[in-house]
Structures are given as C-alpha cells and as structure tokens.
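The lines below spell out each chain.
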Amino acid sequence: MAELVRFMERPGRSPGQKVGAVHPMALAAMQQTGEMVPQKNERGSQRFLQGGLSAPITVTWEITAACNIACVHCLSSSGRRRPRELKTEQALALVDELADMQVFQIHFGGGEPFIYPGIWQVLERCTIRGLVMCISTNGTLITAERARRLKQFDPLYFQVSLDGGTPQTNDSIRGKGVFNRALRGLEFLAAENHSLTVNSVLTRFSFHELDQLYEIATSFNARLRVTRLRPSGRGQDVWADLHPTKEQYSEFTNWLMAHPDVLTADSFFHLNAFGTKLAGLDMCGAATATCCICPEGEVYPCAFFQAPEFEAGNLHVHSFREIWQNSTLFDFYRKMGGGACSGCGQYNVCHGGCPATKWFVHQKLSIKDPECVLQRG
Amino acid sequence: MSYPSTRYQLITEVKIRRESFGGILYKYGCADRGSLSFINSPQLIELLITGQQRHNGDVSAAIESSRYSETSKQKLYIALDDLVKRGYIHIQ
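Here the protein sequences line up with chains F and B, keeping their order.
Take 58 as the starting number for the first sequence in the working numbering and just add one per residue.
Take 865 as the starting number for the second sequence in the working numbering and just add one per residue.
Quick caveat, the hints were computed from the structure, so don't treat them as lab data.
Hints are supplied without guarantee of correctness; some may be wrong.
[Stated by the list, open to error] Below, computed lysine-lysine pairings styled on DSS-like, alpha-carbon distance capped at 27 Å: (1) K949(B) with K939(B); (2) K939(B) with K334(F); (3) K891(B) with K937(B); (4) K144(F) with K208(F); (5) K891(B) with K879(B); (6) K303(F) with K144(F); (7) K891(B) with K939(B); (8) K334(F) with K949(B); (9) K949(B) with K891(B); (10) K208(F) with K879(B); (11) K949(B) with K937(B); (12) K208(F) with K891(B).
One chain only, chain F, in its complex shape (with noise of 0.2 Å):
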C-alpha cells in the first residue's frame, strides 16, 4: 500500500512482463551492430557482464536537475529543477529498492545534489541500508558546518568537480570564479577527513594541466580522477572544440601509466587500443554492471547516455527491479554486436569505444567510436 501512495502511477504488473517499448530509431541502431562478438579472451570480466546481473554493481543516480553552476559540458543539461523529480519519500523508497536488490554503490550527481531538498534524508537511508554512497559534487555549496555534518553518514566518498588546474581552465567550463569556491569546499571536505576525489573531464585545454591537477589532488589528500568529455547534454554543443586531440590522448595514456594512483573511472578503455592495457574494465559497463537514474524517474544505460530514444523505463510507472531485469532496451543493447569494429585485432581490448559517444556524434551505434584512436586523422 505505501508503496502505491509513494508511485501512484504504477500500474499492477505480472511477474516478468517487459517493460517498455524500444524507440523505433534505438532499435534500428542495436540491431545494426549485428550479433555478439564471441570473446576470444574467455576470462575476462566481459562474459560475466553480458550474461546480465541479478542487479546493477553501481548506480549513478541524478537526484536533481537543479543546479547553482551551469558548465558548458553539462552531459544532463542541468539547470533549473524539473517539475516531475523524485519526492524525497519516493527516493527513500527507492533507496530501499536498490538496498533490497543489493546494489553496492550509489553515485549521487545532478545538478548539485546538495540542492535536493531530501538529500540528507537519502544519505541517511543509505547509511541505515548499508549502501555505499558517492557525492559528485561541484563543491561549492560545502561549508565547514555541512562538512562536518556529512561525517555522520559511512561509508561516503566524495568528487569535487575541478576542469582545469588554473582557474582560467576550470572557470572557462564552470564558470566565472568557481574554481576558487571548489577549492575551499574541497577545504572544508578535507579538514574533516572525508575521502576525497578531485574529479576532472579531460579537455583539450585542461590536458596541459594535468600535472597541476594531480598536484591540487595531492594538497588536499586526495586522489585524481579523470574521466571523458561525453559529447552528451550540453556536451553536444562544445564537444567538437573541446575533446582531446589523438596526439593528446597517446600523451594521455603515458601520462597514466606514469601515475598509476591516478583514478579514470574506467572511462578511458577505448585508449586501450593504443596497445597498453589500462587498470580497470575493458568494455563499457553500461546496462551491464551500472546505469542511471534521473531526477524524473527516467532510467538510462548509462550517465552519459541520456538519450529520450535510449528509456529503458520510469520509476513513476515502473519499479526500478522490472526496468533493470525486464526492460526490452536493456536487453536490445545488452546483446549489441561490435558493428564496424567487429573485425578489428583490437576488439578484444576496447569493445568498441563508448555507444553513447557513437550516438551523440552520429545517430549510429554501429559505427567506430569517433575517438577510436586506429582511425586516421
């Protein structure tokens, strides 16, 4: 009963029923990619992965739209809250759901999810349901009084936003001053001992400072991770200006292997193809090991793959268990074939690059990674 006052829209459903309808351009898409690629290396994580979790291993959840900054990269197009986002009972709800199934992580973004207005109340859930809990933050709204606050709920791990090691860099993305108001969130953070990552999108621009970087992390104890500028939300728009050139992602890859403490979030497998095996996955985990959920309910393979055609179902009308075991989209793309890069030598080691950036770029799934770094020019 509580749970029907918490989601008044969801129908009653049968055990197993699929759930949703595939977009019929999404469809087309996955199904160009052709059959799964039979994996030649058999003892890899990647057989495990496909065969489909009883539940996802992390969940990136976008708790809210609202957002104090409004960075140029956005991959939510965050902003302004959005009419239909999660009631704070309903969140608790699914807090519980995503305990039940056993799902190990939560990676709360947004927007800024210190705006939501139930934040605390979440964290708190978690931390009665044993949930791991990460904070993607932009560090700003942190204070000192928040921070030590934040120290009641276990186990909690944070990211602060910082695109560039000077706040010429990082403000040109985030906007004006926002550098130094990340700086002293990260302060306030690191004075109370919280576990600390400093979080980058690796630009064109920021790429020359990455040493900085690496040195910001350190100052504060914390670790570095960089991930992927995804051509996704606003993305789309500065994506051709702003992504790594391929002479600067071979630089990259050195540059990683040369600190191996350094944190990519996986998010850099496509660099395998260099022919240097980076730590971590070596596919996409996207529908696979994680996905997201956004501020209205909506469920996505991935955070960067918040695409209207790519809904694999809704919270408002579907529980999150029957979207993850049951929804016809995840289980289209968790049989994608490896498409134009299914002949390649190098298959086995990227899987492909990432679809959401394929999507984004071209409208295809098929096709190369537009940052496949074999591919000429």
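Using the hints provided, position chain B relative to the given structure of chain F.
Below, chain B alone, put in the same frame as chain F:
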C-alpha cells in the same frame, strides 16, 4: 599451501552478492571506487556468505561447521589464499 590452522577472516568492507554464475565480491574503501571480483564458484560464494552472516566473517569457522570433503576443502583453501592476495580476506 594453506593449513587448517590458518584463520581466514573476511575484511569488514567486503560485500558479497550471489549471481547465476556464482557471485560478486565488492570491496569498498579505495577512494571513490572499490575493487570487484567475479567468482564463478557458487560453492565458494556460499562459503563466504556463511562466514560473513553466521560466523562474523570467520571463513575458517564456516568451513569447520560444514561437511566438505577433504578434496573440496583443499580447493577452497587454495581459493581463499587467492582472495587473501586480492585483499578480500586477511589471515589471522
């Protein structure tokens, strides 16, 4: 080589989940990401869950309270040694 006198203790930060192929071990505590292992042995996963839920993480006690053949025990000890190397278990 392991010996029955060795005590295998799951570290507190390890979470375990059953899957159709066996299960997953997830260890948090490393900055923002944990380490993850796919275990394709249902027997090993059940042993670890028993150790965690009924013996406060003492996997050796879980082995002692079960009726494994000597051959199975030796295989499990080898697997546990591997989990020690991967940081999921420590030896007391």
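Here's how the hints hold up against the structure:
| no. | hint | result |
| --- | --- | --- |
| 1 | K949(B) with K939(B) | 16 Å, holds |
| 2 | K939(B) with K334(F) | 31 Å, violated |
| 3 | K891(B) with K937(B) | 24 Å, holds |
| 4 | K144(F) with K208(F) | 24 Å, holds |
| 5 | K891(B) with K879(B) | 6 Å, holds |
| 6 | K303(F) with K144(F) | 44 Å, violated |
| 7 | K891(B) with K939(B) | 23 Å, holds |
| 8 | K334(F) with K949(B) | 21 Å, holds |
| 9 | K949(B) with K891(B) | 13 Å, holds |
| 10 | K208(F) with K879(B) | 22 Å, holds |
| 11 | K949(B) with K937(B) | 18 Å, holds |
| 12 | K208(F) with K891(B) | 20 Å, holds |
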